[in-house]
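Enquirer: Chains as they are written, first to last, in the numbering used here: chain A, 1028 to 1283; chain B, 6 to 161.
FYI, nobody ran anything at the bench for these hints, they're computed from the structure. Take these hints with a grain of salt, some might be off.
Which residues of chain B face chain A? A few of them, derived with a C-beta cut under 8 Å, are [what the hints assert, rightly or not]:
#1 M6
#2 I8
#3 S9
#4 L12
#5 V14
#6 A20
#7 L25
#8 V26
#9 N27
#10 Y29
#11 L30
#12 W31
#13 R40
#14 R44
#15 I45
#16 Q83
All of these numbers come straight from a predicted model, not from anything done at the bench. The beta-carbon is built from N, C-alpha and C at its ideal position, and this holds for glycine as well.
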Amino acid sequence: MSNHAVSFMESHLKNLTLGHGFWSVHADSIGIGWALGAAIVLTGWFLGRRLEEGVPHGIQNVLEALLEFVDDQVKGIFPATDPLLGPLAFTAFLWILLMNAMDLLPVDLLPDVARLFGIHHFRSTPTADPYTTLGLALSVFVVTIYYHIRSKGVFGYLKTFFVHPFGPYLFPINFVMTVVEEIAKPLSLGLRLFGNMFAGELVFLLIALLPWWFAWAPGVLWAAFHLLVITLQAFIFMILTIMYVAMAAAEEGDAH
Amino acid sequence: MAISLTLFVQMVTFAVLIVLVNRYLWGPLTDVMARRRKRIADGLAAAEEGRKALDQAREREEEILALARERAAELLDQAERRAREIIEEARERAAEEGAQISARLKAEADSEITRLREALRADVARLALLGAERVVEREIDARLHERLLQDVAGRL
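When you get a sec, could you build the whole thing from the sequences and use the hints?
Expert: Written out as structure tokens, the structure reads:
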């Protein structure tokens, strides 16, 4: 690969970072995440003033269909009605879907706009940033701990580390296995989303390196395929969130 | 990958977003959908109710019609009977009246016959007397033969 290609890739895979060390902040991921979140909330806010009880039209219809879709998944997996899980899954699905969809923008569009303001590194897809996806996964992890404790109590939750999966006599092995299992859940949840979106972004960058008179063909093909990945990954994240929470909320023994 | 503030900012963002979405999107939307579901259920129930009411009304209509038909038949029957009675009565009265009239006429004719007969008898008697006078060539003394005259007249 030529030097130009390497520097192109490097510059496009570097986040707009403010601060250093622990206090460093990926302003691009956070900013776009906030903008998309605000778009969701504002849509809801504007829609909320003229909700139709009769036949729904336009964006209300779309959101109702999505809500019903998410709610069906929640009800199918989670035994009891729950005031938190529905909004959690719905938010995760919508937000991740929108953040993933940022991948479909031309790779140079937002970085070029940023360059006008003197910003040299800008990544437009927040979910191609592991901090975003792992942040989401950690949030889900926190929620699962809450449900674990709610259904079994603190002691009951800690006990599951020692009695699963081999019974109380092999508790050291149980502990190691359960810890690995519990850590693997959020890690795989976050890294799966990150990996898919990062790979998608990478392929778009590689396509952008092709000569302009040819790049459109693989670009269109990959965008069409990536459209599927975007939706699918948002869906998978949502479904796994519901599953993990349902497993955590299940009584002891039911979860495994 | 070192743990950095970005991770926690994204976690907090997610948490805040869940709260806001619940407040402005999930809540109102589920409310409106629940209301719509209820309205549709109510509408269906009302339709069912209406259908039942219609069935009942139809049954009632049938009953009323049957009653009316029965009553009409009864009235018709009565009217026919009454008509027959009236005709019968009229016929009877006509026969009676006819009999009366014919009886009166007969009586009148009888009396006329009697009167004519009397007159005829008197005439005959006079004629007989006249004939007898001629036969005897002598005037029969009316006073003398009064009895004879009476006798002739009576025999006629």
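Enquirer: Taking the hints in turn, state whether each one holds.
Expert: Now the hints, each set against the structure:
Interface hint at B:M6: satisfied, since its Cβ lies 6 Å from the closest Cβ of chain A, which is below the 8 Å cut-off. The interface hint given for B:I8 holds, since its Cβ lies 7 Å from the closest Cβ of chain A, which is under the 8 Å cut-off. Interface hint at B:S9: satisfied, since its Cβ lies 5 Å from the closest Cβ of chain A, which is below the 8 Å cut-off. Look at B:L12: its Cβ gets to within about 5 Å of chain A, closer than 8 Å, so that hint holds up.
Satisfaction of the interface hint for B:V14 is found here, the shortest Cβ-Cβ separation to chain A being roughly 5 Å, below the 8 Å cut-off. Annotation: interface hint on B:A20 holds; nearest CB of chain A at approximately 6 Å, less than 8 Å. A hinted interface residue such as B:L25 counts as satisfied when its beta carbon comes closer than 8 Å to some beta carbon of chain A; here the least separation is about 4 Å, so the hint holds. Annotation: interface hint on B:V26 holds; nearest CB of chain A at approximately 4 Å, less than 8 Å.
The restraint placing B:N27 at the interface with chain A holds, with a minimum CB-CB distance near 4 Å, inside the 8 Å limit. With its C-beta approaching chain A no nearer than about 4 Å, B:Y29 sits inside the 8 Å limit, and its interface hint holds. Given the 8 Å rule on beta carbons, the hint for B:L30 holds: about 3 Å separates it from the nearest Cβ of chain A. With a cut of 8 Å, the hint placing B:W31 at the interface with chain A holds, because the nearest CB-to-CB distance is about 4 Å.
Interface restraint check: B:R40 against chain A, minimum CB-CB distance 5 Å, threshold 8 Å, status holds. For the restraint placing B:R44 at the interface with chain A, the shortest Cβ-Cβ distance is roughly 7 Å, inside the 8 Å limit, so the hint holds. Taking 8 Å as the C-beta contact cut-off toward chain A, the hint placing B:I45 at the interface is violated, the least distance being around 10 Å. At its closest, the beta carbon of B:Q83 sits 60 Å from a beta carbon of chain A; the interface hint therefore is violated under the 8 Å criterion.
Hints 15, 16 from the earlier list are contradicted by this structure; the remaining hints agree with it.
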